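K.L.:
Here is what each chain is made of, one letter per residue.
Number of protein chains: 2
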Amino acid sequence: MNIYDISRKTGVSTATVSRVINGSSSVSEKTRRKVLDAIEEYGYTPNVFARGLGLNTMKTVGILCADSSDPYLAQAVYCVEEHCRKSGYDVILSCTGYDHSLKERQMDSLLSKRVDAVILVGSNYIESSDDLNMYIAKAAKTVPVMIINGSINVPNVYCTVCDDYSAIYEITEKMIASGKKNPLYIYNSESYSGMQKLNGFRNALARNGIEVGSGNILFVGSRKPGGKSFPVNVVKAAVAELAAAGHRFDCAIASDDILAVGAVKYANAAGLRIPEDFAVAGYNNFDLCECCDPELTSVDNRLDVLCDHCVSSLMTIFSGSESTIPKHTMFSGEIIERGTTNFR
Amino acid sequence: MNIYDISRKTGVSTATVSRVINGSSSVSEKTRRKVLDAIEEYGYTPNVFARGLGLNTMKTVGILCADSSDPYLAQAVYCVEEHCRKSGYDVILSCTGYDHSLKERQMDSLLSKRVDAVILVGSNYIESSDDLNMYIAKAAKTVPVMIINGSINVPNVYCTVCDDYSAIYEITEKMIASGKKNPLYIYNSESYSGMQKLNGFRNALARNGIEVGSGNILFVGSRKPGGKSFPVNVVKAAVAELAAAGHRFDCAIASDDILAVGAVKYANAAGLRIPEDFAVAGYNNFDLCECCDPELTSVDNRLDVLCDHCVSSLMTIFSGSESTIPKHTMFSGEIIERGTTNFR
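Going down the list, the sequences are from chains A and B.
Under our numbering, the residue at position 337 of the first sequence is numbered 537, and the numbers go up by one with no gaps.
Under our numbering, the residue at position 276 of the second sequence is numbered 476, and the numbers go up by one with no gaps.
Because the hints were derived from the structure by calculation, they are not lab data.
Where hints are given, some of them may not hold.
Because identical chains cannot be distinguished in the list, a pair is counted as satisfied if it fits within a single copy or across any two copies.
[Claimed, not checked] Think about it this way: if two alpha-carbon atoms lie no more than 27 angstroms apart in a straight line, the pair counts; the simulated BS3-like pairs of lysine-lysine are: (1) LYS313 - LYS381; (2) LYS234 - LYS313; (3) LYS341 - LYS259; (4) LYS286 - LYS313.
Bear in mind the structure is a predicted one, so any value in this text is a computation, not a measurement.
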């Protein structure tokens, strides 16, 4: 039983049936009664198509994320979905992988479904070139675009980020203050957020008069096809290789907990005492931190807070008060110290 | 520009515009031409509402899962979304938590959106009482219901499971064959799958003449509100407490990798050699297994295979060949041995 059946049964046009369903006042009381009676008689539930036709909204938010099985992105998708649903919006999830052309194509696909907004989860949606970010600006001409953990200055795009630069700067300073003289930085992403973190590391070293060479920055390749998290044993092997080549590190700071776990495994395998001989700090503060031995010091990136702020802002925008919403909101990370460091 | 605007511009009814869009043959060539010209002139893209009205399909599959941030469920959601999208179907994700009434409510909500099918991800959707499973049977009267990692015998419900019983039976036998005499079982879910695993443990012990008492089965409480994975340190504390009370275990088998990591941490903290004094095996074979020290022996539950089979089956059902699809498909798990055991 759909809107056409009701139209046929009542002799009222589908457009008028739609107006009745959506409570429009431009329908006579007699016609309204006839339609409502038929709806009741035939057990018709106004469905999403009818709602869509009448209101031109599906009450649906599209989420693009590279890989919903990545722990960081999985948690963000979970938070966003929950908050949207509780606000009366469905979530269409679309995982794009890390390839640019797929991101563009799936953005188009979401828009063709007339979603009310798009939420981009993860800093990997922002590329270094403006040209590559055009698809975001284009989408924002149709619907509000919210970005979690990425930043771009374009009309109708609202960004919520963690201050990754300062968090890595601060944790690197703490490492140095605790007596470490030769830190290694390990990372696996050159996204906006990835570059912020790397700069935080560089600047903290420069500020403390430690030379930054290619020797103490380790990029452990791109993500595996399929987007699974980086295998810790690759990191362990890479750090061991650097050490064998004569680099003398006394600590490692990683852009992601999983990379830090690799560094912990390297130190354990090499018989180094943690944190005395080799200290380690990660980033994200996920359950992973409690799994390794000793447990991992990490930066809590406040992902739940970011996601809540993003969806709350979106609901305010939907209510028509977009002028009250900042285009860019930055929260501070928080260092959670565990057994892999000995900060003062 | 929507279906009504085209109707108004052309003087053709919305129903006929819809028929033209959907390629119905019951429209005169003259009318078809008029509508198509208007569509071209006004740049109208047939949208999802119109498609919905015409075909009564949104080409959308609803996914219910308890918590998309749980690593097991996150990976399943990722696999299912990718496969559905590649088959031309969108995915609406709805996270229900573990509370029964929310599962029912969100199933109703998905159905009211006229999804083409519902996929239940995770064994926690199947309850021990038939009454509590009624909402699944009811949903299956409307659309096919696919269950990943849970089983129920109801018309129009298709289940894909891993043989959890045999996998735990087999790994317990291997523990015993490697010389262990007093195994501990650790679990945190009493779902269908959870009970299968527990029975596998019980029967392997019975078969080998080892008495199964309450002392060697440890239930570490229900999941935290919010559905985050179980903290490993709670498991570590629980196992230490049992040991302090005089239980002498020489190995632990866990229903989930995260619980097994807790057991590894217990052994490390207690100064036990792994696997000589205390062997450990987990379940799921996630990245986690490589994070602890020694690395964790685990059961690969073939989640990717299960998800692919589920979505392939669904597409066959959509194509009208549901009679070729088994109602229940069981894959075998595979034991992946790492450093926490010494099987022969």
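K.L.:
State whether the alpha carbon distance between LYS234 and LYS313 is at most 27 angstroms within one copy, between copies, both, or neither.
P.N.:
between (32 angstroms within a copy, 25 angstroms between copies)
K.L.:
Given a CA cutoff of 27 angstroms, do LYS313 and LYS381 count as a within-copy pair, a between-copy pair, both, or neither?
P.N.:
Classified as neither: same-chain Cα gap 55 angstroms, cross-chain 60 angstroms, threshold 27 angstroms.
K.L.:
Under a CA distance limit of 27 angstroms, which applies to LYS286 and LYS313: within one copy, between copies, both, or neither?
P.N.:
For LYS286 and LYS313, the Cα distance is within 27 angstroms both inside one copy (21 angstroms) and across copies (16 angstroms).
K.L.:
With 27 angstroms as the alpha-carbon cut-off, assign the pair LYS341 and LYS259 to within, between, both or neither.
P.N.:
For LYS341 and LYS259, both the intra-copy (18 angstroms) and inter-copy (26 angstroms) Cα distances are at most 27 angstroms.
Violated hint: 1 only; the structure is consistent with all others.
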